[in-house]
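Q: If you want the building blocks of each chain, they are given just below.
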Amino acid sequence: MTADTDVATADSPAAGNRDPRRRTSASAPSATSRILLTAGLAVAAIYFLFPVYWLVIAATKSRDDLFGTSGVTLSDPQLLTNLRAVVEYNGGIFGRWALNSLLYSGVGAVVATVLSIAAGYCLAKFTFRGREALFNVFLAGVMIPGTALALPLFLLFSRLGLVNTYWAVLLPALVSPFGAYLGRIYATAAVPDSLLEAARLDGAGEFRIFATIVLRLMAPAAVTVLLFQFIGIWNNFFLPLIMLSDPDLYPMTLGLFSWNSVTDRAPELYTAVIAGALLSVVPLMIAIVSLQRFWRAGLTEGSVKG
Amino acid sequence: MTTQTSTQAPGTPARPRTAAPNRRGRRLAILGLLGPFTLLFAATIALPIFYALYESLTGVERSGPLGRGTTSTIFVGLSNFADALSDEAFVASLGRVLLFAVVQVPVMIVLATALALMLDAASARGVRFFRSAYFLPYGIPGVIASLLWGFLYTPGLSPVVDLAQAVGLQADFLGADNVLWSIANIVTWQYAGYNMLVIIAQLKSIDPDLFEAASIDGASAWQVVTRIKLPLIRPAIVLTTVFTIIGTLQLFGEPLILRPLTGSITSTYTPNLAAYNEAFANNNYNLAAAESVLLALVACAFSFGFLKLVNRSEK
Numbered sequence: 001m002t003a004d005t006d007v008a009t010a011d012s013p014a015a016g017n018r019d020p021r022r023r024t025s026a027s028a029p030s031a032t033s034r035i036l037l038t039a040g041l042a043v044a045a046i047y048f049l050f051p052v053y054w055l056v057i058a059a060t061k062s063r064d065d066l067f068g069t070s071g072v073t074l075s076d077p078q079l080l081t082n083l084r085a086v087v088e089y090n091g092g093i094f095g096r097w098a099l100n101s102l103l104y105s106g107v108g109a110v111v112a113t114v115l116s117i118a119a120g121y122c123l124a125k126f127t128f129r130g131r132e133a134l135f136n137v138f139l140a141g142v143m144i145p146g147t148a149l150a151l152p153l154f155l156l157f158s159r160l161g162l163v164n165t166y167w168a169v170l171l172p173a174l175v176s177p178f179g180a181y182l183g184r185i186y187a188t189a190a191v192p193d194s195l196l197e198a199a200r201l202d203g204a205g206e207f208r209i210f211a212t213i214v215l216r217l218m219a220p221a222a223v224t225v226l227l228f229q230f231i232g233i234w235n236n237f238f239l240p241l242i243m244l245s246d247p248d249l250y251p252m253t254l255g256l257f258s259w260n261s262v263t264d265r266a267p268e269l270y271t272a273v274i275a276g277a278l279l280s281v282v283p284l285m286i287a288i289v290s291l292q293r294f295w296r297a298g299l300t301e302g303s304v305k306g
Numbered sequence: 001m002t003t004q005t006s007t008q009a010p011g012t013p014a015r016p017r018t019a020a021p022n023r024r025g026r027r028l029a030i031l032g033l034l035g036p037f038t039l040l041f042a043a044t045i046a047l048p049i050f051y052a053l054y055e056s057l058t059g060v061e062r063s064g065p066l067g068r069g070t071t072s073t074i075f076v077g078l079s080n081f082a083d084a085l086s087d088e089a090f091v092a093s094l095g096r097v098l099l100f101a102v103v104q105v106p107v108m109i110v111l112a113t114a115l116a117l118m119l120d121a122a123s124a125r126g127v128r129f130f131r132s133a134y135f136l137p138y139g140i141p142g143v144i145a146s147l148l149w150g151f152l153y154t155p156g157l158s159p160v161v162d163l164a165q166a167v168g169l170q171a172d173f174l175g176a177d178n179v180l181w182s183i184a185n186i187v188t189w190q191y192a193g194y195n196m197l198v199i200i201a202q203l204k205s206i207d208p209d210l211f212e213a214a215s216i217d218g219a220s221a222w223q224v225v226t227r228i229k230l231p232l233i234r235p236a237i238v239l240t241t242v243f244t245i246i247g248t249l250q251l252f253g254e255p256l257i258l259r260p261l262t263g264s265i266t267s268t269y270t271p272n273l274a275a276y277n278e279a280f281a282n283n284n285y286n287l288a289a290a291e292s293v294l295l296a297l298v299a300c301a302f303s304f305g306f307l308k309l310v311n312r313s314e315k
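Protein sequences, first through last, are from chains L and E. Using UniProt numbering, you'd call the opening residue of the first sequence number 1 and step up by one each time. Using UniProt numbering, you'd call the opening residue of the second sequence number 1 and step up by one each time.
These are calculated hints, taken from the structure and not from any lab test. Note that the structure is a prediction, hence the values are computed from the model and not measured. Glycine included, C-beta positions come from ideal geometry on N, C-alpha and C. A couple of the hints might just be wrong.
Among chain L residues calculated to face chain E with C-beta under 8 Å, some are [unchecked claim]:
(1) L49
(2) N90
(3) A98
(4) L102
(5) F237
(6) F238
Let's have the full structure, built from the sequences with the hints guiding it.
A: This is how it looks when you write it as structure tokens:
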């Protein structure tokens, strides 16, 4: 902002001399509007953060305190007791769910990213018959929500005997049409033809070119796809719900849901659901906030240029 | 590197000789780079769609005494669709999500746009914190978000209900008239920050010279917003709106999780719930498939309709 103002002063010294402050009125609001603005932002922050605050407080309470005391203040905190109860419940099944979530999201996101970036690069830099048609089919895939596909996938997988296996959740996670779309846009802009040509003249094979040059140039797009895919799989609920019946295969979301749906019969699970929710949310919240800039970088490429 | 290319280029004899293996290499490369993705796309996206269409057009015919004999699959035309559309509960569920979308989508998009513009106008201090705070719920799985808000809607457990009662308000978040909007609140809470981020990304891409020119012309902050920022972030707003429309019509997890807390959510509350119920409670996969296809068609019609509306008003 300051740099811009300096440039303007240099460009039009007359205007600058007359009233140097007035000109910045568009970018720097007055004191009252600044207070109003901050107040508005703060109110919004309370809305978005309050449930998380409640979760943190509630996770420290015993079952009696959970129902007997105010939800906004601490009372006799016993966070560690609650967390231990979650981790130890039912032979440590929660830990298994956490590992399952990590497996589905980690493997799914990494494979999906590599495959979709390769596809996007190929669609950008190689010409062949049917290329545009194929790209349009993939683009249509971006518009189809996961829940619309879950039921047909279940019908299909039950014919193939894949239902209630790791593959039932993992296989659909390996595809990211959005990744192919973003990959193509990004490759068009970020991978210079001359570089590819030079590598080919040096005798490098196409796959080596992809692995050593292209993947590195497309890293920002790849990180964005990776994050989206990871979050998408981690948060997925419908697909595991209909595909899995063995609790040993559950991801955390489904596991907590299964606990929550029996709380009327097993009220001790109330505290377990809340503390478990906190446990499952914290790592992702840290990741979300610390990786924010990658998020925005990718969105700029994907939404704005597209 | 570029010099190398240009020195080799003019009619060198090396070119035609390498052309033949090069072409085969390229074909192999295309297969290798595009093949795995295309195969998986076909298996997990294209094939299920065709399979759903097939299921929706067929039915199971039982023969023998009391229908206990052999079963066979027969083509039934559009009768599953007719059944779905003559089922009052299913049609009501479609109407419910459409009403939901008509209210929730504009509210959330306006909120996301307002937050993005406010953050853009605020001074640098605190912006990072606020942006992170708004985006945070996006990282919370829908199941957890629904559980969380479910607790916050429950009288006796929720400080929000307590607070409302202290002020003399009767807050009944789970009543028949309110529960749809309680679900809308969960969805808005989760995704407003994400949509805000998309809009911020586009705001950042606006050429700073435009603001410079505007301030020289003496434009007020409000004029900058309405005349420059809003028109230029329009593509991001359109994009987020389309994706939000598609998403809201798919409503499933939130009502399923709130269901035990209230009597007002039926097993056919939303089209996805109805299809789920049809498939797993009634074992009628054919009708469930028809309902899924209908929902996808409605979502498609609405998002394309919106795009068309936007494009027309642009001209």
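Q: Does each hint hold? Answer for all of them.
A: To see whether the hints hold, each was checked on the structure:
Hint on L49/L holds. Least Cβ distance to chain E is approximately 5 Å, under the 8 Å limit. The interface hint given for N90/L is broken, as the beta carbon of that residue sits about 18 Å from the closest beta carbon of chain E, more than 8 Å. The beta carbon of A98/L is not positioned within 8 Å of any beta carbon in chain E (closest approach about 13 Å), and the interface hint is therefore violated. Given the 8 Å rule on beta carbons, the hint for L102/L is violated: about 14 Å separates it from the nearest Cβ of chain E.
Interface hint status for F237/L: upheld, as the beta-carbon distance to the closest one in chain E is roughly 5 Å, under 8 Å. Taken as an interface hint, F238/L checks out: its beta carbon lies about 6 Å from the nearest beta carbon of chain E, inside 8 Å.
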